[in-house]
Amino acid sequence: MAKYDRQFYPGTTVPAKNRKRFMDPKIKLEKLRDVAMDDVVKILGHRQPGEDYRSIHPPLEESNEPDCPIRQMVTPIEGAKKGDRIRYVQFTDSVYFAPIIPYVRAWMYMTRFRGIDTGTLSGRQIIEMRERDLEKVAKELIDNETFDPAKTGIRGATVHGHACRLDENGLMFDAWQRYRFNAKKGEVEYVKDQVALPLDKPISVGKPMSEAELKKRTTMFRVDGVDMRDDKEVMMTNLRIHRLRTLAGYQPWEIKGE
Amino acid sequence: MKGASSPEVTPLPEIMIMPSRMLSADTTEKLLNKLYEVKNVRQINCQGEGLPDMVKQGPAAGIPVNHPERKTINVKGKETQLTILVGRVFVEIDDIDHVQIALKEIEEICKGLLPFGFDLEVGRYSKFKPTTTDYAKKRC
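In the order they appear, the protein sequences are chains A and B.
Under the numbering used here, the first residue of the first sequence carries the number -17, and numbering increases by one thereafter.
Under the numbering used here, the first residue of the second sequence carries the number 75, and numbering increases by one thereafter.
No wet-lab data here; the hints were simulated from the structure.
None of the values given here were measured: they were computed from a predicted structure.
All C-beta atoms, glycine included, are put in the ideal place defined by N, C-alpha and C.
Please note that the accuracy of each hint is not assured.
Claimed, not checked - Using 25 Å as the maximum straight-line C-alpha spacing, the simulated BS3-like pairs for lysine-lysine come out as follows:
| id | chain 1 | residue 1 | chain 2 | residue 2 |
| --- | --- | --- | --- | --- |
| 1 | A | LYS13 | A | LYS189 |
| 2 | A | LYS166 | B | LYS211 |
| 3 | B | LYS104 | A | LYS183 |
| 4 | A | LYS167 | B | LYS130 |
| 5 | A | LYS238 | A | LYS13 |
| 6 | A | LYS2 | A | LYS121 |
| 7 | B | LYS130 | A | LYS183 |
| 8 | A | LYS8 | A | LYS121 |
| 9 | A | LYS8 | A | LYS(-15) |
| 10 | A | LYS166 | B | LYS108 |
| 11 | A | LYS13 | A | LYS(-15) |
| 12 | A | LYS214 | A | LYS121 |
| 13 | A | LYS121 | A | LYS64 |
| 14 | B | LYS104 | B | LYS185 |
To be verified - Now the stretches of chain B that chain A is said to cover, found in silico as 3 or more residues with beta-carbon under 8 Å:
| id | segment |
| --- | --- |
| 15 | 88 to 97 |
| 16 | 200 to 207 |
What the hints assert, rightly or not - Just the calculated beta-carbon pair ranges, DEER-fashion:
| id | chain 1 | residue 1 | chain 2 | residue 2 | range |
| --- | --- | --- | --- | --- | --- |
| 17 | B | PRO126 | A | TRP235 | 18 to 28 Å |
| 18 | B | ASP100 | A | LYS13 | 31 to 41 Å |
| 19 | A | MET92 | B | LEU86 | 49 to 59 Å |
| 20 | A | ALA230 | B | GLU181 | 24 to 34 Å |
| 21 | B | PRO142 | A | GLN30 | 19 to 29 Å |
| 22 | A | PRO31 | B | GLY132 | 17 to 27 Å |
| 23 | A | SER186 | B | THR157 | 27 to 37 Å |
| 24 | B | GLY124 | A | PRO180 | 19 to 29 Å |
| 25 | A | ASP209 | B | GLY186 | 46 to 56 Å |
| 26 | A | ASP16 | B | MET128 | 33 to 43 Å |
| 27 | B | GLY186 | A | GLN30 | 44 to 54 Å |
| 28 | A | ASP212 | B | GLY132 | 38 to 48 Å |
| 29 | A | PRO180 | B | LEU86 | 37 to 47 Å |
| 30 | A | PRO7 | B | ASP193 | 37 to 47 Å |
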């Protein structure tokens, strides 16, 4: 029997291929910018740069955890070893060809990161994680190709805007105006953290991508981009999942011959 | 309440301008002033995304938002506080016979001010007579 090679996502169209790329942990995502770690910490707003991590339990080395097979099997992530608090970061993705969309984020997080709890909503995706690991993950997600300064927002609350039309500068609407377009530099700057507390100085996250570039990188099927119906394999898989769910609920293996 | 024999209230037509982008305060000001110059325009209503003056929840509650587009604009010489980022504009025309001429003029204005694209539609999009709720809440 041939060795099973996980495909992550069906299809041959650009969004399908990008979905595959984002989900496959063996593929290193392209780094498009380098936002300083201290700036990421400021945008997250959970602690000041340089401040100690607060803990909710003693380091695992010092605590007398009972011996169990699960503890032997699972290597704790760094923050868990040190007893860090659980903190969060939340990204909002515009429907106007943001590079990634919440559901694909969930799939990608599951394949690429350990020690996370993630939740999907229509326009946003939250990750909860131990604080020091969260900061690393947030930096990675801001620096790499899944982030576009204009079409992706870092928003802890009042995330409304993903389905609104863009503003005249091409930025996704944000009622709390956490970021603004610096016309002189052509860059997007964060002036508030993710819950809208003002920052001491603006943090640049770089230039927005052009629409052509976004369409190359997007994971979004849209009728004015790539229609999902044009990708036969994706449609076939989705219809199969739908059919099995309709016929058998959560027990698709009970259906024979489908 | 009017009797059964009373004539139906005829709604006046509206031209809806749907820009492809949300409009900045400056563009809104220019657009509204130009629209009011069009003949037979009776009134203009705007709709869009709300811009709160204060953060109302979370750790930043009570802090001013300072949104750059929430500002006072001058429409027909009158200072008006803009509290939304304008997404749709409804231009009410005083008679159905004047719609075609107004539509042409409005299209020209939009071509000049909205380079990112727009759609125009004719219809009636807002309330033109009191509803049952208005009667129940004694708003009329």
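Verification of the supplied hints:
The suggested pairing of LYS13 (chain A) with LYS189 (chain A) holds, with an alpha-carbon distance near 14 Å, which does not exceed 25 Å. The straight-line distance between the Cα atoms of LYS166 (chain A) and LYS211 (chain B) is roughly 52 Å, outside the 25 Å bound, and the hint therefore fails. A distance of roughly 33 Å separates the Cα atoms of LYS104 (chain B) and LYS183 (chain A); the hinted pair therefore is violated under the 25 Å criterion. Annotation: proposed proximity of LYS167 (chain A) to LYS130 (chain B) is violated, straight-line Cα distance about 32 Å (limit 25 Å).
About 46 Å separates the Cα atoms of LYS238 (chain A) and LYS13 (chain A), which puts this hinted pair outside 25 Å; it is violated. Restraint check for LYS2 (chain A) and LYS121 (chain A): the C-alpha separation of about 22 Å stays at or below 25 Å, so the hint holds. Between LYS130 (chain B) and LYS183 (chain A), the direct Cα distance comes to roughly 23 Å. Compliance with the 25 Å bound is thereby established for this hinted pair. A C-alpha spacing of about 19 Å is found between LYS8 (chain A) and LYS121 (chain A), which places the hinted pair at or below 25 Å, so the restraint holds.
For the proposed pair LYS8 (chain A) and LYS(-15) (chain A), the alpha carbon gap of about 17 Å is at most 25 Å, so the pair holds. Between LYS166 (chain A) and LYS108 (chain B), the direct Cα distance comes to roughly 29 Å. Violation of the 25 Å bound is thereby established for this hinted pair. Straight-line distance between C-alpha atoms of LYS13 (chain A) and LYS(-15) (chain A) comes to about 32 Å, which puts the hinted pair past the 25 Å bound. The suggested pairing of LYS214 (chain A) with LYS121 (chain A) is violated, with an alpha-carbon distance near 36 Å, which exceeds 25 Å.
With a C-alpha separation of about 20 Å, the suggested pairing of LYS121 (chain A) with LYS64 (chain A) holds against the 25 Å cut-off. As the CA atoms of LYS104 (chain B) and LYS185 (chain B) are separated by approximately 13 Å, the hinted pair is consistent with the 25 Å bound. Residues of the segment 88 to 97 of chain B lying with their CB closer than 8 Å to a CB of chain A number 5, which satisfies the three-residue condition for coverage. Coverage of the segment 200 to 207 of chain B by chain A is violated [criterion: at least 3 residues with CB-CB distance below 8 Å; count 0].
As the Cβ distance of PRO126 (chain B) to TRP235 (chain A) is approximately 51 Å, the hint placing it in 18 to 28 Å is violated. Against the hinted window of 31 to 41 Å, the Cβ-Cβ separation of ASP100 (chain B) and LYS13 (chain A) comes to about 37 Å, which satisfies the hint. The hinted range of 49 to 59 Å is satisfied by MET92 (chain A) and LEU86 (chain B), whose Cβ atoms lie roughly 55 Å apart. The supplied range of 24 to 34 Å is broken by ALA230 (chain A) and GLU181 (chain B), whose beta-carbon atoms lie about 55 Å from each other.
Roughly 27 Å separates the CB atoms of PRO142 (chain B) and GLN30 (chain A), a value that falls within the hinted 19 to 29 Å. Our hint of 17 to 27 Å for PRO31 (chain A) and GLY132 (chain B) holds, since their Cβ atoms are close to 21 Å apart. The hint said 27 to 37 Å for the Cβ distance between SER186 (chain A) and THR157 (chain B), and at roughly 29 Å that hint holds. Take GLY124 (chain B) and PRO180 (chain A): their Cβ atoms lie about 21 Å apart, and the range 19 to 29 Å holds.
Between ASP209 (chain A) and GLY186 (chain B) the beta carbon distance is about 34 Å. The supplied range of 46 to 56 Å is therefore violated. Take ASP16 (chain A) and MET128 (chain B): their Cβ atoms lie about 35 Å apart, and the range 33 to 43 Å holds. Against the hinted window of 44 to 54 Å, the Cβ-Cβ separation of GLY186 (chain B) and GLN30 (chain A) comes to about 49 Å, which satisfies the hint. In this structure the supplied range 38 to 48 Å holds for ASP212 (chain A) paired with GLY132 (chain B), their Cβ-Cβ distance being about 42 Å.
Judged by the Cβ atoms, the range 37 to 47 Å given for PRO180 (chain A) and LEU86 (chain B) holds: they are separated by roughly 46 Å. Restraint check, PRO7 (chain A) to ASP193 (chain B): a C-beta distance of roughly 43 Å satisfies the suggested window 37 to 47 Å.
The structure does not agree with the numbered hints 2, 3, 4, 5, 10, 11, 12, 16, 17, 20, 25 stated previously, though it agrees with the rest.
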